[in-house]
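J.: Protein chains in written order, with our numbering: chain D, 31 to 605; chain S, 30 to 415.
Careful: at least some of the hints might be erroneous.
Unchecked claim - Label-pair distances were calculated between CB atoms; the ranges are: (1) S/V226 <-> D/N234: 12 to 20 angstroms; (2) S/Q244 <-> D/S71: 28 to 36 angstroms; (3) S/F241 <-> D/I54: 48 to 56 angstroms; (4) D/S71 <-> S/D264: 32 to 40 angstroms; (5) S/I103 <-> D/S71: 35 to 43 angstroms; (6) D/S83 <-> S/F88: 32 to 40 angstroms; (7) D/S83 <-> S/Q244: 44 to 52 angstroms; (8) D/I54 <-> S/E133: 47 to 55 angstroms; (9) D/P167 <-> S/A235: 30 to 38 angstroms.
Keep in mind the hints are simulated off the structure, nothing from the lab. Cβ atoms here follow ideal geometry from the backbone N, Cα and C, with glycine treated the same way.
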Amino acid sequence: MKNKTFHRKKIVTIFVGCLLIFLILAGRLVYLMVWQSDHYSEAARDLHERERSIKAARGRIIDANGVVLADNKTVCTVSVIHNQIEDKEAVIAALCSKLDLDEDYVRKRVEKYTAIERIKSNVDKEDGDAIRELKLPGVKVDEDYKRYYPYDSLASKVLGFTGGDNQGIIGLEVKYEEYLKGTEGMILTMTDARGIELDAVGENRIEPVSGGDLHISLDMNIQKYATQLAMQAMETKQAESVSILVMDPKNGEILAMANVPEFDLNHPFTLPEGTDTTGMAEKEKQDALNKMWRNGCINDTYEPGSTFKVITAAAGLEAGVVSKEDRFSCPGYIMVEDRRIRCHKVGGHGAENFVEATMNSCNPVFVTVGLRIGAERYYDYFKQFGLLDKTNIDLPGEAGTIMHKKENIGMVELATISFGQSFQITPIQLATTISSIINGGNRVTPHFGTYVTAEDGTVIREFEYPVRENVVSAETSATMRYMLEQVVENGGGKKAYIEGFRIGGKTATSQTLPRGSGRYIASFCGFAPADDPRVLAVAIIHTPQGVYYGGQIAAPVVRQLFENILPYLEEMDYN
Amino acid sequence: MPQARSRKKRQSEYFFDYSLLFIVLFLLGFGLIMIYSTSSYEAAMENQDAAYYLKKQTFAAALGLVMMFIVAQIPYHFWERFATLGYVVSAILILLVQTSLGRESHGARRWLNLGGLSLQPAEIAKLGMILFLASLVCKMGRSIRMLKGFFTVLCVPMPICLMVWKITDNMSSAIIIFGIAVLMLFVASPDYKKFVVCGLLAVAAAALVVFFISQQEMGSGDLGFRGERILAWLDPEAYASGKGFQTLQALYAIGSGGIFGKGLGQSMQKLGFLPEAQNDMIFSIICEELGLFGAIAIILMFVLLIWRLMVIANNAPDLFGALLVVGVLGHFAIQVILNIAVVTNTIPNTGISLPFISYGGSSVMFLLIEVGMVLSVAKGIRLKEY
């Protein structure tokens, strides 16, 4: 029996139909594999690739002599890869015990369904190695860097420290974050669906770029010595805190800034010993930490007291209302409107010229000078000297000046401003203003950062700081240097005198607010050599017990400092 | 001279379609290579033997080839007497799945455990249906041209289809069986109009269902198993973690293959991203490793296979033989088309394996038995008209 023709036709129809469908499917494949190829390839690569970042080494902080003040040490980051974990309980138990973590905390992270979950960073290398030794599948120990401060608490409030992600938290570490932090690298690996890395495919690496090394003007030797002296003064005078600031008045470079008590940069979250943290709320604890981290030279203001007479004298000389030889008479007080402002010497200084009045730190004379200048002009000088602006030091959180409004300055206010009361400035502001008065009249910007180098030592960035010239005339500046040298040679600052050196300076004893609390701030601002200042130092002792006069307790601190650093600086200059 | 004539006659009696055999052997061999490529990584992980799936498949293929040659030696009319028996046995075997002999895998009870050998009754049902319909159509003779005959042939496979669908929860096999029946009926009946009308109605119904489901998407969250599959088909990326997962992973594999592929063995998606890549989704890994080039080459091989079957069907010595071959052709063609369509997300996802290439022992054995029957039909072809 022969098959009918229609059967054959129909079979051919089926074949042709199939052929058409195959053509459509082939077209679909062309669309997917040519037109959509990029889209799906990318999606697939995202699925197959695992990213692991490689931390960049943070730049170091290096002092003027090349001593490393902030360095990195190797620590470990422990993470888990969910897909690779075989024995969940063993992993949780091991991580809890080795890392000293809460079980709930670890369990939550181990059980979380993510590609890779970080358990803890900044783990000591020994602990990290111990965990790696356990060879637990799914547990990954990566090495990275942790900030390390070789001198522990030295210049703690200046340098600052870094947090868990190696980011700066306070101090220079914050200010220079962009230079220090570097650029993270990346490891791209191909993995299977379980997250197991495929060795055969190899890895794609983007190398990290280390942060730049920050070079600062701070001199570790001077800083060390300043810290020692500050500690000594704090202990002998049972003071609350002592700050010593050493800077180059010519260019604003800060050589030392000690604020005792300092704190341990390697354990910045540990409150000082003896602090009772039990029963402390989280906020109270944070407040205590913030207080511990405060840099008194920059973050806090105070009434400068008699050291401010330098500014009044300079303003008077500039205005031409007073000269060195002008003669005054001090009866022990002065009447301003209905107020009787007393001199610190009860009987009065009697007859004296302006230089002698400065040596005596005579209040009535400076009130007289202030009144001669007048409120408006005095305020303008205040502004011209830069006292209303911040110094723009390269540290975060600088406090501004607290000053009367121009229209509110009456006779009494003007009188008190003249000898440094009724307003507040920061120690760095005082040091900078006096620097500009004695250095020939150039308002400098105080700073630490000088330049940044790359890993190979090439300089990537040199910092320049603005200088405002002719804040006072060269003549006034010379007169001020002379008068202040007299203060140390024969006046209230003679405790700062060192045989064989020309030293200028001014003492101050200010009362802290509220008045009458019996709390004082003793301070001294000195510079040397008096004819051509190379270094300026401010010592501020907060709330000393017993004798509290700046001339008695702060001046000797600066003398001791100068005794050591002047020969040292001469030697440095010689070299 | 008579000597020569009789020799020639003997030669024609022993006609053997080597082209078909070669195509089938090529697909089998290629399938084994791809099964090793796709499964070795996962097999090494889970069974500590990279060749675990390759060994099992090779064994099934060898057994299948033996059966193919045996069946090829048996004249195909021998099977005609078992047509009704085959229909009944298929039905019984499907019912047996629900007894203790049944085996569950991947959440579906589709397999029978027969003394260490596991087989899908649906595979037997396909073969049984081809045989039964071929013999039925031959017996009906001219009455197939009547409307009654047309509907008889259309209704006969229904019980089996429904059983496969509902009892073994295997809609794709039910569709294949029904499809085979429709194609055989199409060839047996001289009419075209009825098929065109039915085809259009089916397409319209399918479109309506899809439209209805996509509209309901916002309405109620409960669409059931298959409804969600359709939504995942329309937008696999929106269902990436659920029903669209497998499809999306297959698309990643296909798309990332590009024109020339990543090279044999270089697939990334087989490393656990596309679960059980050696099964239904093996074509996507072929695309990933061998690219558009390899994929089109494989499609061409299947076109050649279907072409050979067409030639054999057209030259079959009688209607029974032709219909047997048409059934087998329908089976292969439907399965290849549906598989590639699913893998490329041209139609909603449903589990259909790629003939001769996908992993699956009972499937490859029955496919080879069917090839054996075709070879047997081919043997009856007279090389010369006389």
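J.: Work down the list of hints and note, for each, if the structure agrees.
T.: Against the structure, the hints:
Distance hint check: the CB atoms of S/V226 and D/N234 are about 59 angstroms apart, inconsistent with the given range 12 to 20 angstroms. At about 34 angstroms, the CB distance of S/Q244 to D/S71 agrees with the hint of 28 to 36 angstroms. Separated by about 25 angstroms at the C-beta atoms, S/F241 and D/I54 break the suggested range of 48 to 56 angstroms. The supplied range of 32 to 40 angstroms is broken by D/S71 and S/D264, whose beta-carbon atoms lie about 20 angstroms from each other.
Distance hint check: the CB atoms of S/I103 and D/S71 are about 51 angstroms apart, inconsistent with the given range 35 to 43 angstroms. A C-beta distance of roughly 49 angstroms is found between D/S83 and S/F88, which places it outside the suggested range of 32 to 40 angstroms. Separation of D/S83 from S/Q244 is about 46 angstroms and conforms to the stated range, judged on CB atoms against 44 to 52 angstroms. Distance hint check for D/I54 and S/E133: the Cβ-Cβ separation is about 36 angstroms, which falls outside the suggested range of 47 to 55 angstroms.
A C-beta distance of roughly 49 angstroms is found between D/P167 and S/A235, which places it outside the suggested range of 30 to 38 angstroms.
When each numbered hint is compared with the structure, violations occur for hints 1, 3, 4, 5, 6, 8 and 9.
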